[in-house]
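Student: What follows is the residue order along each chain.
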Amino acid sequence: MYQYIARRLILTIPVVIGVSIIVFSIIRMIPGDPARAIAGVQATPEFIAQVRERYALDRPLYVQYGLFVSGLVRGDLGQSTFSGRAVTTEIRERFPRTLTLASISLLIATVVGVSAGIVSATRRNSVFDNVSMFVALVGVAAPVFWLALMLQLLFSVQLRLLPATGLGTWRHLVLPSITLGMASAALMARITRSSMLDVLKQEYITTARAKGLGERVIIYKHALKNALIPVVTVLGLQFGILLGGAVLTETVFAWPGVGRLLVDAILRRDYPVVQGTVLLLAFLFVLINLVVDVIYAFLDPRIHYQSGGGE
Amino acid sequence: MGPEKLQTSSALEAGTTGAATTPRKKTSEFREVFKYLLRNRGAVIGLIIIGFFIIASLAAPLLATHSATSTSLANRLQPASGAHWLGTDELGRDLYSRMLYGGRISLNIGIISVLIGALLGVPIGAISGYYGGKLDIITQRFIDIMIAFPGILLAIVVVTVLGVGVQNVMIATGIASVPIYARLVRGSVLSIKEQSYVTAARAAGLRDGTIIFKHVLPNCLAPLIVQSTFQIATSILWAAGLGFLGLGAQAPTPEWGAILSNGRAYIRTAHHLTTFPGLAILFMVLGFNLVGDGLRDALDPKTR
Numbered sequence: 001m002y003q004y005i006a007r008r009l010i011l012t013i014p015v016v017i018g019v020s021i022i023v024f025s026i027i028r029m030i031p032g033d034p035a036r037a038i039a040g041v042q043a044t045p046e047f048i049a050q051v052r053e054r055y056a057l058d059r060p061l062y063v064q065y066g067l068f069v070s071g072l073v074r075g076d077l078g079q080s081t082f083s084g085r086a087v088t089t090e091i092r093e094r095f096p097r098t099l100t101l102a103s104i105s106l107l108i109a110t111v112v113g114v115s116a117g118i119v120s121a122t123r124r125n126s127v128f129d130n131v132s133m134f135v136a137l138v139g140v141a142a143p144v145f146w147l148a149l150m151l152q153l154l155f156s157v158q159l160r161l162l163p164a165t166g167l168g169t170w171r172h173l174v175l176p177s178i179t180l181g182m183a184s185a186a187l188m189a190r191i192t193r194s195s196m197l198d199v200l201k202q203e204y205i206t207t208a209r210a211k212g213l214g215e216r217v218i219i220y221k222h223a224l225k226n227a228l229i230p231v232v233t234v235l236g237l238q239f240g241i242l243l244g245g246a247v248l249t250e251t252v253f254a255w256p257g258v259g260r261l262l263v264d265a266i267l268r269r270d271y272p273v274v275q276g277t278v279l280l281l282a283f284l285f286v287l288i289n290l291v292v293d294v295i296y297a298f299l300d301p302r303i304h305y306q307s308g309g310g311e
Numbered sequence: 001m002g003p004e005k006l007q008t009s010s011a012l013e014a015g016t017t018g019a020a021t022t023p024r025k026k027t028s029e030f031r032e033v034f035k036y037l038l039r040n041r042g043a044v045i046g047l048i049i050i051g052f053f054i055i056a057s058l059a060a061p062l063l064a065t066h067s068a069t070s071t072s073l074a075n076r077l078q079p080a081s082g083a084h085w086l087g088t089d090e091l092g093r094d095l096y097s098r099m100l101y102g103g104r105i106s107l108n109i110g111i112i113s114v115l116i117g118a119l120l121g122v123p124i125g126a127i128s129g130y131y132g133g134k135l136d137i138i139t140q141r142f143i144d145i146m147i148a149f150p151g152i153l154l155a156i157v158v159v160t161v162l163g164v165g166v167q168n169v170m171i172a173t174g175i176a177s178v179p180i181y182a183r184l185v186r187g188s189v190l191s192i193k194e195q196s197y198v199t200a201a202r203a204a205g206l207r208d209g210t211i212i213f214k215h216v217l218p219n220c221l222a223p224l225i226v227q228s229t230f231q232i233a234t235s236i237l238w239a240a241g242l243g244f245l246g247l248g249a250q251a252p253t254p255e256w257g258a259i260l261s262n263g264r265a266y267i268r269t270a271h272h273l274t275t276f277p278g279l280a281i282l283f284m285v286l287g288f289n290l291v292g293d294g295l296r297d298a299l300d301p302k303t304r
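Respectively, the protein sequence lines represent chains Z and L. In terms of this note's numbering, the first sequence opens at residue 1 and continues consecutively. In terms of this note's numbering, the second sequence opens at residue 1 and continues consecutively.
Hints are computed from structural coordinates only; laboratory data are not their basis.
Simulated coverage check for chain L against chain Z, where a stretch passes if three residues somewhere in it have a Cβ under 8 Å from a Cβ of chain Z:
| id | stretch |
| --- | --- |
| 1 | 133–144 |
| 2 | 154–160 |
| 3 | 238–246 |
| 4 | 265–274 |
| 5 | 284–298 |
Just so it is clear, CB atoms sit at the ideal spot from N, CA and C, and this is done for glycine as well.
Isolated chain Z (complex conformation) (with noise of 0.2 Å):
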């Protein structure tokens, strides 16, 4: 099993670079003059010239790039050009409104997707059944920022219950982080579900009943722990793509976080802050994805005969 945790953690390594690379090219890929393009739209042509000289735009691309990788291993990703502060602080001041309004909605969605995959799947073709992955189907089939409207019209506008936008107490994480959650939750559920019904089926479960057991350990001790083992794939992806959905649930809550924080600088053409909001998301989902791989060797002991890395 090490052998296959080192081995993939030797394969994170070219994703890293090629990350770095995409987002490195962002700016210089953009038609025109990629000094303007980092200077900002209002910028003097002084300004450009000295952010010329800066970043090497006028040195080849392998050199401008080193600059780039030794800015991101100091820390320094540039400043934006809409508010002069450091992308870096921009970053840090925004991401744990991100990383709390992901981490919250991925409990919603573990709690109400995984118990009601289990229901479902053992109590098949019921009412609670039926109506939980009719409600599954159209979680996944919902675009996020209409949901999120539509809350706002019910809780915040009729019955004025939640507010509709901002930050500060815990009342306003409420409509945004069930926004965000619904379709991860509607996913495992659905997941859950099947992953739960191929178990219950297999030959150790009949034998378990044979013995006698009752229902509730034959479920729980029995069957759950292997109906698990997809969902906990599942449940990692998800993290890093609830983070990458922040971007429609921030923008729609005003929710401050880096979602928000990439949409405005990509309207703004502030390319240091696009730079560093997709860096940081696109290095995340490959750390999550990392871990999930590591966790999941260790649930599945097959994975110790393959030699096949990240696949």
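Once you have looked at the hints, place chain L on chain Z.
Tutor: This is chain L only, laid out in the frame that chain Z set:
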């Protein structure tokens, strides 16, 4: 979270069919699959929904009661009525007519981006899986790099570089689905290339290109069809998300996500501007997902 969620579900779920490679299908088998599909209630509902949207989009010029772009400030923010079936927007444009044309845009984006994704992703996956070795290792690292951008983020990166607009959204969502196709086809090819008929074709001296096109790819069709159905839904959601963020279709294009985004400002007084486009996106995505689910079961011999 939204547009991105399907990526995982569909890739995962379609992946299960990928393992079940079936022998080459004949016409009678297609009929069999179709018959099985029609016995699935969800799939039939999905087909009806998709059919409805296709007809509405094709017949938009006939069905529209007003122009989709002409404004009338005297009629702004009207609720649904006999004259304006779904009400009017902030510039007095007829929402029903705009949504009919918006359906065309969403369907186009869904289908074209899937074509782009498949045209790039399938050959990458097929070559990577068939030849294996160093080529496979290098290709897979490229795919890993693309997959490092979660969900809609890769599409956002592409739009940042290319600029906004419907055409660029198609390219962006297409590129964002390349890794999904490449992974799926590679997985299928890996299991198919070990089959005796492929070994026989190789022993008979057939060229690699012929083997890939005539013997390997046709047997990847089942998971590809399933994935593409889900991917159309995902692309529609991604595109609507980009439109909503102001990174997709631009005014006055009647794209559903953009209509919804404009309607946000009037949610207290004219919520029809957000409710109807949202429902339209939901139903269109639901339709493709239901058909995708049905196709997955119908094309998998284990569940038939």
